[in-house]
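Following the hints, position chain A against chain F.
Residue numbers (our numbering), protein chains in the order written: chain F, -12 to 376; chain A, -12 to 376.
Check each hint, because a few of them may be wrong.
[What the hints assert, rightly or not] Heads up, incomplete: computed chain F residues facing chain A, CB under 7 Å, no partners named:
# : residue
1 : Trp222
2 : Leu224
3 : Ile230
4 : Ser231
5 : Ser232
6 : Gln288
7 : Leu346
8 : Val347
9 : Leu350
[As the list claims (entries may be wrong)] Computed, partial: chain A to chain F, Cβ under 7 Å:
#  : residue
10 : Leu101
11 : Ile230
12 : Ser232
13 : Val268
14 : Gln288
In case anyone wonders, no lab produced these hints; they're calculated from the structure. This one's a predicted model, so the numbers in the text were calculated from it and none came from an experiment. Backbone N, C-alpha and C define an ideal beta-carbon position, used for all residues, glycine too.
2 protein chains.
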Amino acid sequence: MTLRAAGIIAEYNPFHNGHAYQLSQVRTQTDADLIVVAMSGNWVQRGEPALMDKWQRAQAALVSGVDLVVELPTTSAVQPAHLFAAGGVQVLAALGCQWLAFGTEHPDLDYGQLMAHLPTNPATFKRFDQTYATLFQGYLRDQTGITLNAANDILGFFYALANRQAGSPLRLVPLPRRGSQHNDQRIADQAHFASATAIRTAALADDWDAVRSVVPETTLAALQTTQLTSWEDFWPLLRYQLISSAVTDLGALYQMREGVEYRLKKAALPATSFAAFMHAVKTKRYTYTRLQRQATSVLLQTKPAEMLAGPQYLRVLGYNAVGRQYLHQIKKHVALPLVSRADREWQQKLGALDNRAGLVRSLVTGVAQDDGRIPVMFPDSQRLSRKLP
Amino acid sequence: MTLRAAGIIAEYNPFHNGHAYQLSQVRTQTDADLIVVAMSGNWVQRGEPALMDKWQRAQAALVSGVDLVVELPTTSAVQPAHLFAAGGVQVLAALGCQWLAFGTEHPDLDYGQLMAHLPTNPATFKRFDQTYATLFQGYLRDQTGITLNAANDILGFFYALANRQAGSPLRLVPLPRRGSQHNDQRIADQAHFASATAIRTAALADDWDAVRSVVPETTLAALQTTQLTSWEDFWPLLRYQLISSAVTDLGALYQMREGVEYRLKKAALPATSFAAFMHAVKTKRYTYTRLQRQATSVLLQTKPAEMLAGPQYLRVLGYNAVGRQYLHQIKKHVALPLVSRADREWQQKLGALDNRAGLVRSLVTGVAQDDGRIPVMFPDSQRLSRKLP
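Bound-form chain F, shown alone:
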């Protein structure tokens, strides 16, 4: 029997009840035999370190019913929505998924209608990036009457677009989201669902009563027993990098446009925390998210060339028995090489950026991320969580 897979693009930062609800929906709304997730690694789309590392988050996903977790490489994961979406679609398509399920504010959005009214000049897309988002949304509204405002509607649109550009290998399964909006900052009383943002804030503040109501037990246990990281943990390193780097070297890093390197460098010395730093550099011109991604470029010393390639490999983070069977089924004809163990060659070449993101994380947590790590196997999990000396 040939297994058929539904794919999800996620961060699971952390895995919460809304994610669990989404998994149950995927099972009822598709004929998939398993669920495959392309998940961000140690740095996430908003330009932040993940609260828990990629292995811990893969573990949480497997416990809650995901069958196979593959890393969305940093080159796609820490990017504006359209590049994030494109990278996720490439990974899932390369893994032979048949469906792409995603949560959205308006699951009844007419993607066909939107796709039919894209700008016909391909150069418009080539030039497209976050800066043009407003113009682009305006164009679509004029053409179709559909307003793309909500964060996950926009992401859904980019999934549809990336899928179309890849020759439509995936069948789209838009799903309603349960609970709060993506950007809600707080967990509401008696809620069973909350945004990941609100959950991260509560977890970092040790507000476990609030967190308990909106995440599975295993996520709660993991959050309570793990060294959680936020930008504040990396602030001394970012500050040092901004201070010691020549401004021309900063300017050569990814997304460091319009002289923002001067602004970042100037704000580094007086700021005593990442929050104070962000407060100092924030203007109407730059979104918080964009500034955080630029800060990530500085911390990881990311060069433009490293970020221009889409996903080049399929790094397996974890699987259960069905996931393993599926890997066996596809391994002969996957479109990108499967990487189950990060050898020296991968760490130094194709995987250099992911490896670096993990190394910098490990400077704070002491937990190795790529060197010697093998995929999480569930339920027979023999996780190798080697402490750095």
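Using the frame of chain F, we list chain A on its own:
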């Protein structure tokens, strides 16, 4: 009356009884009206952070009788002996000093004889650097019968050489050194003199009984009330820099020759301290000092172009009444610009490397080094030791 100055090139890391003894010798053996010191700043010749910052060390020198302290810029201070010596001679000559006094193991060494037998091919000097030291010493021994082995004899030779190359503006005053050898690691019982190396080790170990016997009271008090720094304090930053930098970027830093950047990068992750790191990278091929200077290049992200220029300015760190009078006397015709206050232009251009060295120090200590600092005035010292927020 025209004041006549004797110059000393020093690190005062920290100022000890041997330095005090040297000052008394200079007063008796020259007709100088004042003593001017060209002193290393926040990073010293062996490629280490100074134990105390340049302002604290200038203060200690002034208390003990030095009249004027000028910074030996990092471009000369963190260099092999011949470049260190050349920079010091340039600074003292530019300040109009008439004598250059220096401690040496063999004050009766015949510098005239050595100078008369230098290799005649100028290209030999151009190619000269530490790597060729042994060959060069062998050549001089063959030519003159004089063996240059001891550290301060070699330094003295380079002072003589630099002075000769500058047209002999300074009269050399070789002085006997009191007490222990430069490299003695421990303070001997009942000693009144000890090497700066031994004193640093004792001070970092809070062994104040030992330190007390070999330094002036003011040095002791300063050491006991100051946050002393060593490489260990900067290890987390150096480690992060080695891990996050591309090996090609490391290779483009100053003195990063023969692929040593691979060696440094590889050793960074497993090492849990600077000492362990140095132990891992040390081989017969590289001296400890050279490796520390390379580590300094990485920490301060020093480019070769920044280090190729000799001193470009005379940064005044402190003075007493006589020193001030002398500054007034020479200010119209100094060969390099006097810098008493580090303005924004100096910090960003000519003084960028010194400024960066101070900023990185201040990340550990919280004490600003250049921004807003004014020279130490003794005895009416109104030191501005502004804490960073």
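Evaluation of the provided hints:
1. Trp222: 11 Å, violated
2. Leu224: 5 Å, holds
3. Ile230: 5 Å, holds
4. Ser231: 5 Å, holds
5. Ser232: Holds: closest Cβ of chain A sits about 6 Å from Ser232 (chain F), inside 7 Å.
6. Gln288: At 5 Å from the nearest chain A Cβ, Gln288 (chain F) passes the 7 Å test, so the hint holds.
7. Leu346: 5 Å, holds
8. Val347: Hint holds; Val347 (chain F) Cβ to chain A Cβ min 6 Å, cut 7 Å.
9. Leu350: Holds: closest Cβ of chain A sits about 6 Å from Leu350 (chain F), inside 7 Å.
10. Leu101: With a closest approach of 40 Å, the Leu101 (chain A) hint is violated.
11. Ile230: 5 Å, holds
12. Ser232: Ser232 (chain A) check passes; min Cβ-Cβ to chain F is 6 Å, inside 7 Å.
13. Val268: 16 Å, violated
14. Gln288: At about 5 Å, which falls below the 7 Å cut-off, the nearest Cβ of chain F leaves the hint on Gln288 (chain A) intact, so it holds.
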